[in-house]
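The whole structure should be built from the sequences, with the hints applied where relevant.
For reference, the chains in residue letters:
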Amino acid sequence: MSTPIIHMENIKKHYGNVIALNGVTFDVRAGECHCLLGDNGAGKSTFIKTMSGVHKPTEGSITFEGKPLSFGSPRDAMEAGIATVFQDLAMIPLMSVTRNFFMGREPTKGKGLFKRFDLDTANDITMAEMRKMGINLRGPDQAVGTLSGGERQTVAIARAVYFGAKVLILDEPTSALGVRQTANVLATINRVRSQGVGVVFISHNVRHAMAVGDRFTVLNRGQTLGTATRGEIDAAQLQDLMAGGQEMAELEGSLGGTI
Amino acid sequence: MAAETLARADERIKSETLATKLMKRPELGAIGGVVLVTIFFMITADSTMFTLSGVMNFMTPAAQLGILGIAAALLMIGGEFDLSIGSMVAFAGMVFGVFVVNVGMPLVIAIPLTLAIAAALGATNGMVVLRTGLPSFIVTLAGLFILRGAALVGLKMFTGGSTQLRGIREAVEGDFLAPIFSGDAFGFVMRWLAEAGIVDSFKSGVPKVPGVPVEILWFVAFAAIATYVLLRTPIGNWIFATGGDALAAKNSGVPVRRVKISLFMLTAMAAALVAIITVIDAGSTDARRGFMKEFEAIIAAVIGGCLLTGGYGSAIGAFFGAIIFGMVTIGLTYTKFDQDWFQVFLGAMLLLAVIFNNVIRRRVTGER
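Protein sequences, first through last, are from chains U and G.
Under numbering that gives the first Met the number 0, read the first sequence as residues 0 to 258, first letter to last.
Under numbering that gives the first Met the number 0, read the second sequence as residues 0 to 367, first letter to last.
Among the hints, a few may not be true.
[To be verified] Capping the alpha-carbon separation at 27 Å, the derived lysine-lysine pairs in BS3-like fashion look like this:
#1 U:Lys-11 / U:Lys-55
#2 U:Lys-55 / U:Lys-165
#3 U:Lys-131 / U:Lys-165
#4 U:Lys-165 / G:Lys-249
#5 U:Lys-66 / U:Lys-55
#6 U:Lys-48 / G:Lys-249
#7 G:Lys-249 / U:Lys-114
#8 U:Lys-11 / U:Lys-48
#9 U:Lys-55 / G:Lys-249
#10 U:Lys-11 / U:Lys-114
#11 U:Lys-43 / U:Lys-55
#12 U:Lys-66 / U:Lys-43
#13 U:Lys-11 / U:Lys-108
#14 G:Lys-249 / U:Lys-108
#15 G:Lys-207 / G:Lys-335
#16 G:Lys-249 / U:Lys-110
#17 U:Lys-66 / U:Lys-48
#18 U:Lys-110 / U:Lys-165
#19 U:Lys-43 / U:Lys-165
#20 U:Lys-165 / U:Lys-66
#21 G:Lys-335 / U:Lys-43
These are calculated hints, taken from the structure and not from any lab test.
Note that this is a predicted model, so its numbers are computed, not measured.
Now the structure itself:
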């Protein structure tokens, strides 16, 4: 397979005397969905923030498209093509889909004092991009607050892809969604992947990860426990790895294997 | 399959009537209010209220408040309040008076300098709010007292103990900038219209309304520019985004700090502009200038559809909100009602507007 777009080798992150990440190795290739699984407190959030330029790692190296790299700010990462869709989605319910879509990156027309927000173009692009993702808007001026959780997630993803994301980091995109909406978001991920974007799908839901993932990396207590490709591993094994093995097996036994 | 979904409209969505579409505009309430208030005074007030001179009569205070109200509306959409603008009017009036009378500056220096000082104070407000993370309500409440006090002390210092500074009209007389900031504009149009018999004139042929008071022109221009910026420029989008959710806006690359500080500077400068216009007009300045204007400006903005929580509202709404204000304050003098009903009306209007805005917001966001 192709070389990774981004490769993170042995990343460590310390906050004072707390070791949040203790040797994480992770990479993403174009057109794949790499799932990062981990339980609460495993270090997923810290890792995403390192990848998206919010934090600098204490130790370890990041290689982006073959070159060593150090992001100074989230803005640098964004410009390089690493887009992160955080759980809060960075969407403003009171504003229209178009205004949200182009927030901070408004297309303009005209010059000097008459430089203005090109709303017509923005509306057309928004409608077209949303249609590509399988969402029919009532109109580009529909407020984001009227969309369902899954649709909002899709707007956020479509926005990231439109603005040239090469790597798309999705922070638990399905955690707050219903069954149907989850299916929609997973379908969106599939669509984005087929456009050649490398997707990093963070989740603690093994079933959702199994549905779209090409590779799976499990994070536990700040360390990666290795990466498996699709077909090498089954849901039960992933679940066990996430929970750190043993206790989970015991728990599962007492719950009749329903988790 | 894609083409299929593309073509099929969502069957769960009913088509919108024009009325529902209108309901979604934030300024609807204010326009409705103007209509209602007009009908009310048509019935109760003396018919002179709606002659040209009557209209100028209520538009002048509306304009003075409206300039503040529109700036307050922009700031509210950006998610902040400024309670110090009323005191800023007094303070900027004092500074301007001292510049013109005591220092003897020409307007071309005094006006930019006054505006710059106001802008610096506005920026300070913004900086304190952003640095401390405290609600702007509290920070600018402090500003309300500090600036009012400073205006009082300053006036006494420069006048030798008086709280009123006189002699401003004499000081600016003949200054080439004076006509832009004081008096009436379009006098020639009025004279022409009077000669043509379209507007009323005195027996001597002088029109009864000598021109359009300049503040009305400033007011209309400011409303137009603010609306344009808000709805048709990237900066407008940033203002909505900043007020809607500052963190989300920041994560999307909106310069939230710059937006907020600029808006604080704008409100302060709007206050200074009102100070300059009214001070030249009155020929003097005193420490009570702009008293309670901060609340009236916020009320005008709220009547205009601004949400107290930010992220939603309109400049044109604040424009109409201010007109309602002017009509009621002045209009009551044309009726048999006691003028002091004004305050009762004010409170009632504010309450109604806030309730109405909440309903509208639920409609817009589809909240259930």
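Here's how the hints hold up against the structure:
1. Under the criterion of a C-alpha separation no larger than 27 Å, the hint pairing U:Lys-11 with U:Lys-55 is consistent with the structure, at around 10 Å.
2. Proposed proximity of U:Lys-55 and U:Lys-165 is supported: the alpha carbons are some 20 Å apart, at most 27 Å.
3. About 18 Å separates the Cα atoms of U:Lys-131 and U:Lys-165, which keeps this hinted pair within 27 Å; it holds.
4. Taking the CA atoms of U:Lys-165 and G:Lys-249, the gap is near 21 Å; set against the 27 Å cutoff, the hint holds.
5. For a cut-off of 27 Å, the pair hint linking U:Lys-66 to U:Lys-55 stands: about 17 Å separates their Cα positions.
6. Between U:Lys-48 and G:Lys-249, the direct Cα distance comes to roughly 15 Å. Compliance with the 27 Å bound is thereby established for this hinted pair.
7. Between the alpha carbons of G:Lys-249 and U:Lys-114 the distance comes to roughly 22 Å, so the proposed pair stays at or under 27 Å and holds.
8. Our distance criterion of 27 Å between C-alpha atoms is met by U:Lys-11 and U:Lys-48, whose separation comes to about 12 Å.
9. A distance of roughly 19 Å separates the Cα atoms of U:Lys-55 and G:Lys-249; the hinted pair therefore holds under the 27 Å criterion.
10. A threshold of 27 Å between alpha carbons decides the hint, and for U:Lys-11 with U:Lys-114 the separation of about 46 Å lies outside it, so the pair is violated.
11. Proposed proximity of U:Lys-43 and U:Lys-55 is supported: the alpha carbons are some 15 Å apart, at most 27 Å.
12. About 24 Å separates the Cα atoms of U:Lys-66 and U:Lys-43, which keeps this hinted pair within 27 Å; it holds.
13. This hinted pair does not check out: U:Lys-11 and U:Lys-108 have alpha carbons roughly 46 Å apart, beyond 27 Å.
14. Under the criterion of a C-alpha separation no larger than 27 Å, the hint pairing G:Lys-249 with U:Lys-108 is consistent with the structure, at around 24 Å.
15. For the suggested pair G:Lys-207 and G:Lys-335, the alpha carbons sit about 25 Å apart, so the restraint of at most 27 Å is met.
16. Taken as a hint, the G:Lys-249 and U:Lys-110 pair is honoured in the structure, with Cα atoms around 26 Å apart against an allowance of 27 Å.
17. For the given pair, U:Lys-66 sits about 20 Å from U:Lys-48 by alpha-carbon distance, which is consistent with the 27 Å threshold.
18. With a CA separation close to 31 Å, the supplied pair U:Lys-110 and U:Lys-165 exceeds the 27 Å bound.
19. With a CA separation close to 20 Å, the supplied pair U:Lys-43 and U:Lys-165 stays within the 27 Å bound.
20. Pair hint U:Lys-165 plus U:Lys-66 holds up; C-alpha atoms about 15 Å apart against a cutoff of 27 Å.
21. Our distance criterion of 27 Å between C-alpha atoms is broken by G:Lys-335 and U:Lys-43, whose separation comes to about 72 Å.
When each numbered hint is compared with the structure, violations occur for hints 10, 13, 18, 21.
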